[in-house]
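2 protein chains.
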Amino acid sequence: MTTVVIASYFEEEYIRRIREVDGRLRVLYREDLVPPPRWPGDHAGSEDWKRTQRGEDEFLAMLGEAEVLYDFPRGHVDDLVEVAPKLRWVQGSMAGAGEVAQRAGLGETDVVVTTASGIYSGPLAEFVLMAMLQHAKDLDRLQSDKAEKIWRQGTTGTLERKTLCVVGTGSIGRAIAVRARPFGMRIVGVKRTVREDDAAWDYADELYATAELHDALGEADYVAVTLPGTPETRRLLDAEAIAAIKPGAHFSNVGRGAVVDEAALVEALQSGHLSGAALDVFEVEPLPAESPLWGLDNVIISAHTTDVVPDLINAAQTALFCENLRRYLAGEELLNVLDKRLLY
Amino acid sequence: MTTVVIASYFEEEYIRRIREVDGRLRVLYREDLVPPPRWPGDHAGSEDWKRTQRGEDEFLAMLGEAEVLYDFPRGHVDDLVEVAPKLRWVQGSMAGAGEVAQRAGLGETDVVVTTASGIYSGPLAEFVLMAMLQHAKDLDRLQSDKAEKIWRQGTTGTLERKTLCVVGTGSIGRAIAVRARPFGMRIVGVKRTVREDDAAWDYADELYATAELHDALGEADYVAVTLPGTPETRRLLDAEAIAAIKPGAHFSNVGRGAVVDEAALVEALQSGHLSGAALDVFEVEPLPAESPLWGLDNVIISAHTTDVVPDLINAAQTALFCENLRRYLAGEELLNVLDKRLLY
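Sequences listed follow chains A and B, in order. The opening residue of the first sequence carries number 1 in the working numbering; numbering runs sequentially from there. The opening residue of the second sequence carries number 1 in the working numbering; numbering runs sequentially from there.
Isolated chain A, as found in the complex (with noise of 0.2 Å):
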């Protein structure tokens, strides 16, 4: 038998089918020692949220047992090497689930992580191609005309022969480049190393290696960051990159905060430099409110939740996690399986 704990909120409807997926498992699940999820699809839970001492005791037991892991187990990533001493796959519920296996100290074990990639993927990408639409086709004027009740003719934008230089062509980059390019865009890709034979040549029509990444801005009309947080990625955006943009474009992050220079940034869309920005993730998070991001015009700000899709998020998530149940199961190779030198 194979003892999958999950340790954190799904419904009954997705557990149902966990069970149902193998007669060799044995799932471990009490929904009462997991935090309850705050909207549909969260799965971290309030922070005053707490396990009763019984229920603590209870929840370490299960720990004890579990050979798989469907998410990181609130309150046990520091000492879930200790506290799981027969665990040997962990299926995280993030995109980018470096951080958190670097925390649990995974990276010096056998223990696999797999991510949740792909799944946020598309989400992301309609919050980056809605930030650019409105920006082309300046929606904040439209609604300002409306207020007034002001019938104005005249041109407006297109993103047709535009270039989009997405940074990251992992499957956020992926997802943004399908969706844009039927859009009549130019698709510029930046990843770490470029390849004759890359994949991301099915949607991207340049792709540059990181070390060129300025030329690579110097094309975009449109940025579109969708990296993770590594120490490799920090403040790869820094100012110097920054400047590198083609004046006058828009740049969108739905990658992690940390590798953009903030400030950078605000004094990029304060000049004009920068046209308008669309962000999901900051440096720090929540947003401060001495933020000069939220007294931005040219800006559009979402609490780091724009990926949060009721029903698709849990059912794409819990489908992945059983496909890789099949697969370990089989002896065969996991899908999304993070890479702890990268991280991602």
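Hint data in this document are derived by calculation from the structure and do not stem from the laboratory. All residues carry an ideal CB built from backbone N, CA and C; glycine is no exception. Check each hint, because a few of them may be wrong.
[Said to hold, decoys possible] Computed list of chain B residues with no C-beta within reach of chain A, every gap over 10 Å: (1) Arg54; (2) Glu99; (3) Thr155; (4) Arg181; (5) Glu283; (6) Pro286; (7) Ala330; (8) Glu332.
[Stated by the list, open to error] Capping the alpha-carbon separation at 20 Å, the derived lysine to any residue pairs in SDA-like fashion look like this: (9) A:Lys149 x B:Glu283; (10) A:Lys340 x A:Glu108; (11) B:Lys149 x A:Lys340; (12) B:Lys149 x A:Pro288; (13) A:Lys149 x B:Asp197; (14) B:Lys162 x A:Asp140; (15) B:Lys149 x A:Gln270; (16) B:Lys149 x A:Glu108; (17) B:Lys162 x A:Pro310.
With chain A's structure known, arrange chain B on it following the hints.
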């Protein structure tokens, strides 16, 4: 020699391209005899503009020799047949040239009319996709939260797995569908008649004939109306059709205002039967100040110019005209020929 008269404003570059199509062309164009554009890409010009008496005589002399007209001539639509007796073909600058061709009385002549259908489809599709995305992701809430510096974590919507009903599967409907499909939407098309080998099957998951319009609307999370203004399409979206739309759906119209019963649409938006609308066309244009549409929060209003993209428009239009000129001289079938019975 074939005499071509260019009857509305085009930039010098495009005039030159037309002259270069073939040595057998005699191209007549006088910038001072056509209305100056109110914005780049405009062909109608201000209502106040008038030719001098001498200019009028000179313009009439040009029309008298025209075998081919590039656009309908300002001030001479109603008497076109009399003032241009040698006319054999008019290339219009509008996507829907049915109304003006009828006014010119060309329905009873052998004069071929070609439209600019397709040229405007991309920008119109962008307007519809922008509206659908800002609706799905609740951009209004993001903006109002931002105004109050509220960091609101929670769920958001998506276009994924939603059904888009495209009413009218011409080039605009196609442009919308090919952009919406990569978002994971299900596309339902409505067209006059449906054949098994219909080209629209390339991008639609389901096709309904106009007679089954209500069934199609009942499945729609999003409705996009793209129909031209013809006697047949007049008020096709009447109160009954609007009532047949799936409750809570979002509604776009980029076809013609006359296709929709605007009072019924307003009522559906006020009652909540429809959750939002994006309109580029209206029953009466300019939209009267007393229209309740101005005051509805869930409506985006554009002044029938969301298709006017500078450069793109005149460049694409002239490329189409040049190709048609080549075909005309070679005795081949022209592109975008207006069906004088169906008026599109």
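Against the structure, the hints come out as follows:
1. Arg54: holds (30 Å)
2. Glu99: Nearest chain A Cβ is 18 Å from Glu99 (chain B), so the label holds.
3. Thr155: violated (5 Å)
4. Arg181: violated (8 Å)
5. Glu283: Answer for Glu283 (chain B): holds, closest chain A Cβ roughly 14 Å.
6. Pro286: The claim breaks: Pro286 (chain B) does not keep its Cβ more than 10 Å from every Cβ of chain A (closest is about 4 Å).
7. Ala330: Check passes; 29 Å lies beyond 10 Å.
8. Glu332: holds (27 Å)
9. A:Lys149 x B:Glu283: Holds - the C-alpha atoms of Glu283 (chain B) and Lys149 (chain A) are around 16 Å apart, at most 20 Å.
10. A:Lys340 x A:Glu108: holds (9 Å)
11. B:Lys149 x A:Lys340: violated (37 Å)
12. B:Lys149 x A:Pro288: Distance ~9 Å between Lys149 (chain B) and Pro288 (chain A) Cα, so the pair holds.
13. A:Lys149 x B:Asp197: Roughly 46 Å separates the two Cα atoms, so the pair is violated.
14. B:Lys162 x A:Asp140: Not satisfied, since the Cα-Cα distance of roughly 26 Å exceeds 20 Å.
15. B:Lys149 x A:Gln270: holds (18 Å)
16. B:Lys149 x A:Glu108: Violated, at about 42 Å.
17. B:Lys162 x A:Pro310: holds (13 Å)
Checked against the numbered hints given earlier, this structure breaks hints 3, 4, 6, 11, 13, 14, 16; the rest are met.
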